[in-house]
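Enquirer: Sequence:
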Amino acid sequence: MAQYVIKRDGSKEEFDAGKMRNAIETSAREAGLEESRILELVEQVGSAALQLAESKEEIATSELLEKILGDLDTIEPSVAQAWRQYDEARGRA
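In terms of numbering that gives the first Met the number 0, the sequence shown has 47 at position 48, counting the first letter as 1, and numbering is strictly consecutive.
Derived by calculation from the structure, the hints in this document are not laboratory data.
The structure presented is a predicted model; accordingly, all values stated were derived computationally and were not measured.
It is possible that part of the hints are untrue.
[Said to hold, decoys possible] Derived DMTMM-like pairs: lysine to aspartate or glutamate, alpha-carbon spacing no greater than 20 Å straight-line: (1) Lys11 - Glu29; (2) Lys11 - Glu53; (3) Lys11 - Asp70; (4) Lys11 - Glu42; (5) Lys18 - Glu87; (6) Lys6 - Glu34; (7) Lys55 - Glu13; (8) Lys18 - Glu34; (9) Lys11 - Asp72; (10) Lys6 - Glu42; (11) Lys55 - Asp86; (12) Lys55 - Glu39; (13) Lys66 - Glu56; (14) Lys11 - Glu39; (15) Lys55 - Glu29.
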């Protein structure tokens, strides 16, 4: 399992799967999904991203983001769009 995440600015912090799951959940809520679907999506997309992280000692946030958004584009495009809009609003796109 990845011990560290390499952030956009090059700094490192401990990998926190909860942060990743919360981001998926927040975007799903913003997209207006029902609670049961949100839980399914967090499990499905979060598990796939965790599998990617398990194969590495360190992982870049950009790599995790690419995996998560790619899966969301396929499974629930409205959630991927909500995530991207949030990133744009924060100047991270």
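Enquirer: If you check each hint against the structure, which ones fail?
Expert: 1, 3, 4, 6, 9, 10, 11, 12, 14 and 15
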